[in-house]
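S.K.: One letter stands for each residue in the lines below.
There are 2 protein chains.
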Amino acid sequence: MKVMSRQMVRPGGRSARVQASVHAAVRELVAENGRETLTVPQVAQRAGVTPSTIYRRWGDLQELLSDVAVERLRPDTAPGDHGSLLSDLTSWAEQFLDEMSSPTGRAYIRDALLGDPDGGNAGQCSAYAAEQIDAVLARAAERGEPTPGTEAVIDHVVAPLMYRILFRPDGLDSAYARRLVTAVLGPADR
Amino acid sequence: MKVMSRQMVRPGGRSARVQASVHAAVRELVAENGRETLTVPQVAQRAGVTPSTIYRRWGDLQELLSDVAVERLRPDTAPGDHGSLLSDLTSWAEQFLDEMSSPTGRAYIRDALLGDPDGGNAGQCSAYAAEQIDAVLARAAERGEPTPGTEAVIDHVVAPLMYRILFRPDGLDSAYARRLVTAVLGPADR
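These protein sequence lines are chains A and B, in that order. If you want our numbering, it's the 1-based position in the first sequence plus 63. If you want our numbering, it's the 1-based position in the second sequence plus 63.
Think of the hints as simulated: they come from the structure by calculation, not from any bench. Each hint should be verified, as a subset may be incorrect.
What the hints assert, rightly or not - Residues from chain A shown here face chain B by an in silico Cβ test under 8 Å; the list is partial:
1) Arg-137
2) Ala-170
3) Arg-173
4) Leu-176
5) Leu-177
6) Gly-186
7) Ser-189
8) Ala-222
9) Leu-229
10) Phe-230
11) Pro-232
12) Leu-235
Everything numeric in this text was worked out from a predicted model, so none of it was measured. Each residue gets a CB set at the ideal place from its N, CA and C atoms; glycine is no exception.
Please put together the full structure from these sequences, using the hints given.
M.R.: The following block contains the structure:
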């Protein structure tokens, strides 16, 4: 919502078409040549817009890369239903770690954090995780299972995973993700 | 240690003097004009070295800024002794949040994460926090208090604070830091 209103994009309008073609141009050029040599004029040429269109709308290359990163970090499926809160949250956390700790995932997280003067893009990444956790917890509540709050899962599962991906990646594996989930659902019932 | 060995700096040698004057030049120029307009030739001129000295040693401006940031994030005092583990850890966490969530702290964290292709600088930031926590826990153990492990404090105090500073800053305050500390020391005794 924040991203949409900030850019004032109406779906289907000219603005939305420009955004789609500029985002596509960035993804293609990064796939072809890597991000090191990417320039705004290059993106503009590939997208069929003028460089000034890009500068006016995104400010600079770093902000454009940040918007593209957030778009790529948007989850494209709902969390799977494995029959219990423990299985659902474990499976979600393992997949989150897998995606975010991959070289591509790390590059997107850095881009999202970087070209983001007002913090809106980093906030959007966190909102995606919160929405997925909400869905898992709502399903568990429907089953009648006791559940922790979304913020507790963010503090004690998402935050340690992301902190270690960014600052302390040694020994990060899915067993660690499973331990965090077990602890947050544990008998202490925070 | 990692930073030192990577840069092969002997204290007192020419290399250490170059590093000290280049770091000082960056800090002065950022204080005078902000970081937006900072360039390597400008830093070189102020530090009295050639630009190629900087490029050879740091690669580019972003890596130089990252090294300066890590240096600034190094704690300059040992954690205070307030008589109990709860007081010591609470006071440390409040100060950590205060420093890291300030505009300067955020800028340093971003710099440290960014110009850091091999992850050594981000790792160094995390090592600083771990050393401080080790000191707090060792003092508590000497007093005979039961203590959680350093990694548990990183996962459940440092990580949530840093995650929220970077991704979800709304409503971040010292009461939140205190709740995290109380929970990690709580009766569940993880």
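S.K.: Which earlier hints turn out false for this structure, listed by number in ascending order?
M.R.: Failing hints, ascending: 1, 2 and 12.
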